[in-house]
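Q: Each chain, letter by letter, is given below.
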Amino acid sequence: MPKEKKIRVLIAKVGCDIHERGALTLLTTFRDEGMEAIYTGRYQTPKGVANAAVSEDVDVIALSDHTGSLPIIAEAVLAELKKLGVTDMPIIAGGLLTQEDVKVLERMGVTGNYGPGTPMDVILTHIRNVAC
Amino acid sequence: MANIEAKVDRKAGHMVRTATQSGLELKPFYNAEDINHLSYEKDIGDPGAFPFTRGLYPEMYRDRLWLKSFIVSYATAEETNQAFRNYIANGLTDLRLLCDLPTQAGIDPDHPSAWNSMMCGGVATYAIPVYEKMLEGLPLGEAIFEFAHAGMSSFLYFYGLLVAVMENKGIDLQTLRGNSINDPIRTKLVYGCPDFPTKLDRRICLDHIEYSIRNTPNWRPIAPNGVDPCQGGMDAIKELGGCLAVATQVMTDLAARGIAIDDFGAMVFALDAESDFFETIVKFRLARKMWAKIAREKFGAKTKRAMQLKIGIRTSGLSLTSQKPLNNAARVTLQILSCVLGGVNSLDASSIDEAIGLPSLEARIFNLDTQHIITHEANVPLVADPLGGSYYVEWLTSRMEQEVNSYLQEIESRGGIFACLETGWLNEVMEAGRLKVQREKAENKRLIVGVNSFREEGEEGPINKAIRDIAYKSPSLAAREAMVAEVKAFKAGRDKKRLAPLMKEVYRATKENRNTQRPVIEAAKAGMTIGECVGVIRMGAGYNYDPLKEIETPEFVREIVKE
Numbered sequence: 001m002p003k004e005k006k007i008r009v010l011i012a013k014v015g016c017d018i019h020e021r022g023a024l025t026l027l028t029t030f031r032d033e034g035m036e037a038i039y040t041g042r043y044q045t046p047k048g049v050a051n052a053a054v055s056e057d058v059d060v061i062a063l064s065d066h067t068g069s070l071p072i073i074a075e076a077v078l079a080e081l082k083k084l085g086v087t088d089m090p091i092i093a094g095g096l097l098t099q100e101d102v103k104v105l106e107r108m109g110v111t112g113n114y115g116p117g118t119p120m121d122v123i124l125t126h127i128r129n130v131a132c
Numbered sequence: 001m002a003n004i005e006a007k008v009d010r011k012a013g014h015m016v017r018t019a020t021q022s023g024l025e026l027k028p029f030y031n032a033e034d035i036n037h038l039s040y041e042k043d044i045g046d047p048g049a050f051p052f053t054r055g056l057y058p059e060m061y062r063d064r065l066w067l068k069s070f071i072v073s074y075a076t077a078e079e080t081n082q083a084f085r086n087y088i089a090n091g092l093t094d095l096r097l098l099c100d101l102p103t104q105a106g107i108d109p110d111h112p113s114a115w116n117s118m119m120c121g122g123v124a125t126y127a128i129p130v131y132e133k134m135l136e137g138l139p140l141g142e143a144i145f146e147f148a149h150a151g152m153s154s155f156l157y158f159y160g161l162l163v164a165v166m167e168n169k170g171i172d173l174q175t176l177r178g179n180s181i182n183d184p185i186r187t188k189l190v191y192g193c194p195d196f197p198t199k200l201d202r203r204i205c206l207d208h209i210e211y212s213i214r215n216t217p218n219w220r221p222i223a224p225n226g227v228d229p230c231q232g233g234m235d236a237i238k239e240l241g242g243c244l245a246v247a248t249q250v251m252t253d254l255a256a257r258g259i260a261i262d263d264f265g266a267m268v269f270a271l272d273a274e275s276d277f278f279e280t281i282v283k284f285r286l287a288r289k290m291w292a293k294i295a296r297e298k299f300g301a302k303t304k305r306a307m308q309l310k311i312g313i314r315t316s317g318l319s320l321t322s323q324k325p326l327n328n329a330a331r332v333t334l335q336i337l338s339c340v341l342g343g344v345n346s347l348d349a350s351s352i353d354e355a356i357g358l359p360s361l362e363a364r365i366f367n368l369d370t371q372h373i374i375t376h377e378a379n380v381p382l383v384a385d386p387l388g389g390s391y392y393v394e395w396l397t398s399r400m401e402q403e404v405n406s407y408l409q410e411i412e413s414r415g416g417i418f419a420c421l422e423t424g425w426l427n428e429v430m431e432a433g434r435l436k437v438q439r440e441k442a443e444n445k446r447l448i449v450g451v452n453s454f455r456e457e458g459e460e461g462p463i464n465k466a467i468r469d470i471a472y473k474s475p476s477l478a479a480r481e482a483m484v485a486e487v488k489a490f491k492a493g494r495d496k497k498r499l500a501p502l503m504k505e506v507y508r509a510t511k512e513n514r515n516t517q518r519p520v521i522e523a524a525k526a527g528m529t530i531g532e533c534v535g536v537i538r539m540g541a542g543y544n545y546d547p548l549k550e551i552e553t554p555e556f557v558r559e560i561v562k563e
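In order, the protein sequence lines correspond to chains A and B. Position 95, counted from 1, in the first sequence is what my numbering calls 95; the numbers after and before it change by one each time, with no gaps. Position 557, counted from 1, in the second sequence is what my numbering calls 557; the numbers after and before it change by one each time, with no gaps.
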């Protein structure tokens, strides 16, 4: 059986959101599951996230935000990726989301869109699906 | 479907643990032998008597109920003002002020990094006109205010704005009541706030306290915060230990500025009401007891007031779930009850829709009504410390005291709370706590209803759906664009001739190691923004202007700091 390539995930936070527990929980869970997970830390710019995703050659970006701004953040990150010529990077999102936010994000091609307390197995299965 | 027989499992929903949330193992029952070692006078005492385990006042809630408070902070000053009015009409007695997240990080709305969180979590209170609008018609001088911000610059600046607004209206500063969190450990440990480095945080914290003690004696200028570290992964023992360590360090630092504990007066802690009912109650009783002892034994407090610890609560947002949000009503109700049984002084309860967005009006009226029901229908607050003397509660209070004391000794042996922050040790402790909980949940040793147990398949019902839909929505792009334009117009329209020397004084006070609070009040009156306040203080202390290193120092600030 060929050795499976490790999935590389960039967990990212954009703007001044201070809520970090979700991102940190994902970080340890992904690593425990044998993925290569990188966390940008807080107070990042969309450009910084796009650059990190490209230079780290990740398979998927996981955006975390608890300010209700995920659609705005995702749009900005997508625009920065496009500037770098990347149009097929899978992006998943999680945090505070209204039903309307989820619809907007799905239209942009952002998937997952999980609220707080989502079971980890659900997120892991989804990452494995979008990353390959 | 109809021909499948329903089976009853007598073990269904059975308990999975025998320890409290922070891991203290419990016996199935407790009796007199378990509390043999305790003395009623020394360890417990009547309400109103040292060590205040049973409460601060003999009459307790008959004399004054706990303050009912909320952080009220929506996207605009107008909405926030209106919301305060609505809540006041429904029994709110304590107004918790906040601002949006970029402001808490110490940057203005026209900073490039503000965009993605602008007007989220609150008003972009970048300068005095916004504050005046937000507080318009609210009873300054009668209400009680609390500052719940994250960055240390916020306490210096927003206390400055509040004082400026009062002075402009001719209101006596003696009537300013309330508190600032102003906790220099929590700001970095939990939030990693970029505004100031820790060394500067520590000094600004003392500037605010010193000015406030001398000029606004009814303002409590620090409330060591356990809520946020607890939400970040600390358990009840380390939450309380951390607060005691911060309070002890700050009182020691204040002594060097000539402020003794009896000048300082009562201490306030901002504590978390977690889901573990008895452990939470015990934590509040123990917090009062331990601070009273430290105040008297370590700092030689002579006045009763200086031995008293007031407890302000924020119930656990982390305990709320976005799955079956109706269940949050049960969680919050139990947390509120634990606060009342634990004799707290002010209470900010989380809302049932808080795992989805900022709380809606209706969800918050529910919180106030829950407190009214506990008071008037359940008659809970009629008698102080109703659990006092319970074998279990007294044993657990004493057991937790041992644990908190060993944690405090460990902090001490590592060079004190600031050394523990700067070496990263506190962060390791918090991370270990977070991982422990995560593991317990994954292994079903800690059940969260609707999340890792008692889940339901299929579509959710209409009540849960409705809760999901009422949560407050974050501001649109157009609203954010309008805000950036507003700030730019405000900055351009100020009287720079009046502002410049006042901002220079903030810079010089920082540089010459004088108290920065009064200069900040004066410059804020002339229109200095939060971002400028942070910038000139940073420059006065020898750092660059922008904490996020994205923008250049504005031209007029460069002129100001020229010697």
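By construction, these hints were calculated from the structure, which means they are not laboratory data. Since this is a predicted model, take the numbers as computed values, not measurements. Positions of the beta carbon are idealized from the N, C-alpha and C atoms, including for glycine. Where hints are given, some of them may not hold.
Pairwise CB distance ranges (calculated) [said to hold, decoys possible]:
1) B:Glu-422 <-> A:Asn-129: 37 to 45 Å
2) B:Ala-12 <-> A:Lys-103: 51 to 59 Å
3) B:Glu-422 <-> A:Lys-103: 42 to 50 Å
4) B:Glu-79 <-> A:Val-54: 20 to 28 Å
5) B:Ala-255 <-> A:Lys-103: 55 to 63 Å
Each computed DSSO-like pair below joins lysine-lysine, with the alpha-carbon atoms no more than 30 Å apart [to be verified]:
6) B:Lys-549 <-> A:Lys-82
7) B:Lys-324 <-> A:Lys-83
8) B:Lys-324 <-> A:Lys-6
9) B:Lys-324 <-> A:Lys-103
10) B:Lys-473 <-> A:Lys-5
11) B:Lys-549 <-> A:Lys-47
12) B:Lys-473 <-> A:Lys-6
13) A:Lys-82 <-> B:Lys-436
Q: Are the hints correct? Go through all of them and say.
A: Each hint tested on the structure:
no. : hint                                : in the structure
1   : B:Glu-422 <-> A:Asn-129: 37 to 45 Å : holds, 42 Å
2   : B:Ala-12 <-> A:Lys-103: 51 to 59 Å  : violated, 37 Å
3   : B:Glu-422 <-> A:Lys-103: 42 to 50 Å : holds, 45 Å
4   : B:Glu-79 <-> A:Val-54: 20 to 28 Å   : violated, 40 Å
5   : B:Ala-255 <-> A:Lys-103: 55 to 63 Å : holds, 58 Å
6   : B:Lys-549 <-> A:Lys-82              : holds, 25 Å
7   : B:Lys-324 <-> A:Lys-83              : violated, 41 Å
8   : B:Lys-324 <-> A:Lys-6               : violated, 35 Å
9   : B:Lys-324 <-> A:Lys-103             : holds, 20 Å
10  : B:Lys-473 <-> A:Lys-5               : violated, 40 Å
11  : B:Lys-549 <-> A:Lys-47              : holds, 15 Å
12  : B:Lys-473 <-> A:Lys-6               : violated, 38 Å
13  : A:Lys-82 <-> B:Lys-436              : violated, 40 Å
Figure legend: structure checked against the earlier numbered hints; hints not met, in rising order: 2, 4, 7, 8, 10, 12 and 13.
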